[in-house]
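Starting from the known structure of chain A, fit chain B onto it as the hints suggest.
Top to bottom, those sequences are chains A and B. Each residue of the first sequence is one higher than the one before, starting from 1459 at the first, in our numbering. Each residue of the second sequence is one higher than the one before, starting from 110 at the first, in our numbering.
Bear in mind the hints are in silico, worked out from the structure with no lab data behind them. Just so we're clear, the structure is a prediction, and the values are computed from it rather than from any experiment. Every residue, glycine too, gets a C-beta built ideally from N, C-alpha and C. Among the hints, erroneous ones may be present.
Simulated DEER-style distance windows between Cβ atoms [to be verified]: (1) 1492(A) - 131(B): 25 to 31 Å; (2) 1489(A) - 186(B): 23 to 29 Å; (3) 1489(A) - 118(B): 47 to 53 Å; (4) 139(B) - 1467(A): 27 to 33 Å; (5) 1523(A) - 222(B): 41 to 47 Å.
Within a straight-line C-alpha distance of at most 30 Å, the following computed DSSO-like cross-link-like pairs (lysine-lysine) qualify [what the hints assert, rightly or not]: (6) 1517(A) - 1532(A); (7) 1500(A) - 152(B); (8) 1500(A) - 1532(A); (9) 152(B) - 1532(A); (10) 1500(A) - 1517(A).
Rough simulated footprint, nothing fancy, chain A against chain B, three-plus residues with beta-carbon under 8 Å [claimed, not checked]: (11) 134-144; (12) 150-161; (13) 180-190; (14) 220-232.
So the chains spell out like this:
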Amino acid sequence: MNKAPIKLGPLALLLTVISICLTTLAILTFATARADRRLAEKYAATVQLRYELDEDGQKWLRDAADDDEIVLEKDGSTLTIRVENGEVTAWRHERAWEEDLDIDVWPGFGF
Amino acid sequence: MKKGNPITAFYVETLLLILVFIGIILALTQVFGLSRNESVQAKLLTNAVTLAQNAADEVLAGEAVSGESERNFYEDMTPCEDRGYRLTVRTVWREEDGLRQGTVTVLDSHRSEPIYTLPICRYVGEAIP
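Bound conformation, chain A alone (with noise of 0.2 Å):
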């Protein structure tokens, strides 16, 4: 008695191509979304920093003499005030960043 062989025919070939596009889909779909929330959480966290900086910042201008400077520094980033004849001349926020140069940009014409 034979049996007849089950065979993967066209059928069988379409639908995993499907499924492999559909697969590639939703994991980029996926790992976009991910990406887009730790913007998200990175721009939070960001926005808060500056904001307790601002908030030292304040209090140290309560009790700073009419000609004072300071630089506050929190992770990474730093408040530069500076006070002259009791006037706020300087209020400047920064944050230490290095040039990534592993990859060779253009510079535009003229370089």
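Chain B only, in chain A's frame:
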């Protein structure tokens, strides 16, 4: 000598393929659902940060010495006067020792914990601009 029925084999093959395909589709649907959830959370957090900054700037630039305020917004940051809001911005501030200090808290109606808080502080003592 009997031969297997080729039509039966075809049906079995097709049924197996369809079942496997349905299983894959169900799994991928879960992944798409997770992606949407991540995207919604990112949008809510970004909007919460913007609303918190707006509330903070409003308090620091305002005339009120102390107070509390609570405002509701839809998901797209449109103010909401009735039900159906998603975000609530709660601001509490007071003046003490020459400083106007407070906190802005943004709450999500679908969660019990705040999704974002922002400290606010401004020196209002002497006339230093």
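Hint-by-hint comparison with the structure:
1. Distance hint check for residue 1492(A) and residue 131(B): the Cβ-Cβ separation is about 27 Å, which falls inside the suggested range of 25 to 31 Å.
2. At roughly 27 Å, the beta carbons of residue 1489(A) and residue 186(B) sit within the given window of 23 to 29 Å.
3. Take residue 1489(A) and residue 118(B): their Cβ atoms lie about 40 Å apart, and the range 47 to 53 Å is violated.
4. Between residue 139(B) and residue 1467(A) the beta carbons are some 29 Å apart, a value that agrees with the proposed interval 27 to 33 Å.
5. Remark: the range hint 41 to 47 Å for residue 1523(A) to residue 222(B) is upheld by a beta-carbon distance near 42 Å.
6. Distance restraint check for residue 1517(A) and residue 1532(A): the Cα-Cα separation of roughly 15 Å lies within the 30 Å cut-off, and the hinted pair is therefore satisfied.
7. Taken as a hint, the residue 1500(A) and residue 152(B) pair is honoured in the structure, with Cα atoms around 13 Å apart against an allowance of 30 Å.
8. Taken as a hint, the residue 1500(A) and residue 1532(A) pair is honoured in the structure, with Cα atoms around 15 Å apart against an allowance of 30 Å.
9. Straight-line distance between C-alpha atoms of residue 152(B) and residue 1532(A) comes to about 27 Å, which keeps the hinted pair within the 30 Å bound.
10. Restraint check for residue 1500(A) and residue 1517(A): the C-alpha separation of about 26 Å stays at or below 30 Å, so the hint holds.
11. Coverage of a stretch by a chain is defined here by at least three residues with a beta carbon nearer than 8 Å to that chain's beta carbons; for the segment 134-144 of chain B and chain A the count is 6, and the condition holds.
12. Figure legend: the segment 150-161 of chain B, annotated as covered by chain A; annotation consistent (8 residues with Cβ-Cβ distances under 8 Å, at least 3 required).
13. For the segment 180-190 of chain B, the assignment as covered by chain A is violated, since 0 residues bring a beta-carbon within under 8 Å of that chain's beta-carbons and 3 are needed.
14. For the segment 220-232 of chain B, the stated coverage by chain A is satisfied: 8 residues place a CB nearer than 8 Å to a CB of that chain, which reaches the threshold of 3.
In summary, the numbered hints that this structure violates are 3, 13.
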